[in-house]
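Chemist: Here is how the chains run, residue by residue.
There are 2 protein chains.
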Amino acid sequence: MADTENTLSMDKIVSLAKRRGFIFQSSEIYGGLNGFWDYGPYGVRMKRAIEQLWWREMVETRDNVEGLDSTIICHPQVWKASGHLDQFSDDMCDCRDCKARHRVDMMEDPKVCSNCGSSNLTEPRAFNLMMKTFVGPVADDEHTAYLRAETCQPIFVDFHNVRIASRQKLPFGIAQIGKAFRNEINPRNFTFRSREFTQMEMEFFCEEADSMEWFDYWKEQRISYYRGKLGFGDDFMRIHEHDKLAHYAKAAIDIEVKFPFGWGELEGVHHRGVWDMSRHEEFSGKEQLYIDHDNHRKVMPTVIETSVGLDRTFLALLCKAYDEENLGEDKDGQPDIRTVLRFPAIIAPVQAAILPLSKKLSDNARELYNKLNRYFRCEFDVTGSIGKRYRRQDEIGTPYCVTFDFDSLEDKAVTVRHRDSMEQDRVAISELRDYLEKLID
Amino acid sequence: MADTENTLSMDKIVSLAKRRGFIFQSSEIYGGLNGFWDYGPYGVRMKRAIEQLWWREMVETRDNVEGLDSTIICHPQVWKASGHLDQFSDDMCDCRDCKARHRVDMMEDPKVCSNCGSSNLTEPRAFNLMMKTFVGPVADDEHTAYLRAETCQPIFVDFHNVRIASRQKLPFGIAQIGKAFRNEINPRNFTFRSREFTQMEMEFFCEEADSMEWFDYWKEQRISYYRGKLGFGDDFMRIHEHDKLAHYAKAAIDIEVKFPFGWGELEGVHHRGVWDMSRHEEFSGKEQLYIDHDNHRKVMPTVIETSVGLDRTFLALLCKAYDEENLGEDKDGQPDIRTVLRFPAIIAPVQAAILPLSKKLSDNARELYNKLNRYFRCEFDVTGSIGKRYRRQDEIGTPYCVTFDFDSLEDKAVTVRHRDSMEQDRVAISELRDYLEKLID
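Protein chains in written order, with the numbering used here: chain R, 1 to 441; chain S, 1001 to 1441.
No lab work stands behind these hints, which were simulated from the structure alone. Cβ atoms here follow ideal geometry from the backbone N, Cα and C, with glycine treated the same way. A hint or two may mislead.
Here are a few chain R residues that face chain S, going by a calculated C-beta distance under 10 Å [what the hints assert, rightly or not]:
#  : residue
1  : Gln-52
2  : Trp-54
3  : Ile-72
4  : Thr-133
5  : Arg-188
6  : Asn-189
7  : Gly-262
8  : Gly-264
9  : Glu-281
10 : Arg-433
11 : Tyr-435
12 : Leu-439
This is chain R alone, in the form it adopts within the complex (with noise of 0.2 Å):
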């Protein structure tokens, strides 16, 4: 899948990701521990905005969906109702010679290790991906628990408490947003695939006979999400509907997104039948079923999902903003290469970098800064010249960088910066805030 071109750009990603702050390496000083990124100062601003741009969407704006915070770790018994104790599972295999291990499903001559070319291999086994701990004093098969490996199934096990507080009738949908743990075999592909995410999904609880109806408003609002608010185009995305539907599933596809590695599944949107609250009536052996009053009759809900992988959506921002944008030479007649993050500014870590031309107006500039602080992300930035601030505010991608110069006492008013034009517009400071408003929203 990686050709070098491919590598380039990836090191390039990783290397930028981890000097402006983006996303290092955990625990690096200790060698790392593979499969888990911490996220730096501007990436702990993306990661929230991006975050809180979803539950804006998802939950804020619709009166039909209500949110949810549950705990990692569940009761056991929970992982036994999903399916995933018994199931999830990767086939792997270790190479008896070189000790690599492999996931059978991902080799491309499964009868060869891919690492040294021997063709000494143990036979597949199924290895769990639930990570485990214990709960309680003793560390025993009856204290075992197991941190969550997605977010939706507290949400189901939650269903009716939700549904009673919140006085929601079908169809309504319960949303959250927080971490999951896979013990992939092989972490890969920077944040792509890592053992520690965050996920946010969405389940929207309806009746049967609406489900398609549902599935396909909600295809739809997902898809133009990624248009509209992130800025993926056709050329960038696509979607990917699944031939093999699980035996409950009427229908289901992955928006996907194109990585330097290749293409790469960012949200599935699916249609789950009534097994996630079946099995969990089953295994609870409490009734699950929607008592429809209007109508006297129980339904079960049927369950349409939304599911997102936060650092995913993260990692393809940053790698479809990534540009090195050729502005001709500079004045010692080397190529002047600026590297731009092409960010759209509803996520951008730093929405406006407020720039004093000198140290001299640094009290007035600061004064701006704190003002337009409140309603946007902002950041102050005082050292070197003018244009080298532009660059490193070009690195990180701040869609506006507004220069206070020494007209600016007189005049009132400011240079706004624009980063992918570089066009430069001057603007009333008593006009700037609803200025920067109708470009950030």
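Chain R is already provided as a structure; the job is to place chain S on it using the hints.
Modeler: Same frame as chain R, now just chain S:
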């Protein structure tokens, strides 16, 4: 500690929290899991609001504090260095008669079982509170890792990565919000002592010579946060100065607030000396000194920590807010008791409820709701009499109810009803955003 009145009061709070969707028992349909709690629809709104308030206060409005979001699972050596693997344990003993397990330091009489009165107890044994898991394909010692017991250690481990990427110089801080896990022997007092919880921690790195000045600064900042932003007055908050300090520490205080079950710690402001950074230098073998280029010397940063329990803050706000107000007699001559949560508006799950007086006004009121919902946490409610709707909002702590009535069509104004005083203002719709912004901030 718990007398009848206190128990009653906690029971009421637990019951309201479940009924109105603030907090549910995790995995309830499976019998629950001791020490694990889920946040429901109103709970997650408020939890996010508390997080956002802290983040804004501690990171977004400060140039000298950077954010971080590190993984829950870190390299196991991190916990060797921090001392958690060797020392993070409680002494516990078992009653041989009734099988109850006790934390020795919590027993009134460590020779007698507080459950059954037997003195047939086992010798105290150290019980480590770290939760372990296995990363990689084999569940053995070599692959053992731990869920973090506190969010601060990854901050120390990532110090230089953050410093370099953010171009910060001493003194500066690094903050993060995230889950932590402790295998408490006896989780208790609702969410106060649970096994999975969220911390909000900031580690401030400075020179030893200035460290007491910074300690005093952060202590004052944090106390005024509780007083000013969250409304904890002197009758609800007290400062506990530690008499015994760790050998490396120069000072330590806890900010405690009053719960129905007694005083409990919300936050610690601790001088940690160079302990953490030195230990990570020793265990990683990587120099952790800060290079002071201006003075051509190297220093080991001294750390001042502010560490908050988010779930405790949530619970403290819930307990402090809870009130049953006697409004005299209702129309049937019965005592009219109004249950009201007197939350500060900044963290209330719903800040403004938009209520059409009649269903006929729904469309107009919804238009207003859609506008306000961009700026505040809003709810639209059309079911039941206006009086019932007010009471419902009181019970979840909504500070402002905005009633759209038939006059609103003519005078383009609405009635704003204040939760605490129950007084009402008539406010022009065009001024409503400003009006609420002033009250809420």
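Chemist: If a hint holds in the structure, say so; if it does not, say that too.
Modeler: Status of the hints after comparison with the structure:
1. Gln-52: holds, 9 Å
2. Trp-54: violated, 13 Å
3. Ile-72: holds, 6 Å
4. Thr-133: holds, 5 Å
5. Arg-188: violated, 14 Å
6. Asn-189: Not OK, violated: Asn-189 (chain R) not within 10 Å of chain S, min 17 Å.
7. Gly-262: This hint is violated: Gly-262 (chain R) lies away from chain S, its Cβ roughly 25 Å from the closest one there, beyond 10 Å.
8. Gly-264: violated, 21 Å
9. Glu-281: The hint holds - Glu-281 (chain R) has a Cβ within 10 Å of chain S, the shortest such distance being about 9 Å.
10. Arg-433: The hint is violated - Arg-433 (chain R) has no Cβ within 10 Å of chain S, the shortest such distance being about 13 Å.
11. Tyr-435: Violated, about 18 Å.
12. Leu-439: Cβ of Leu-439 (chain R) sits 16 Å from chain S, so the hint is violated.
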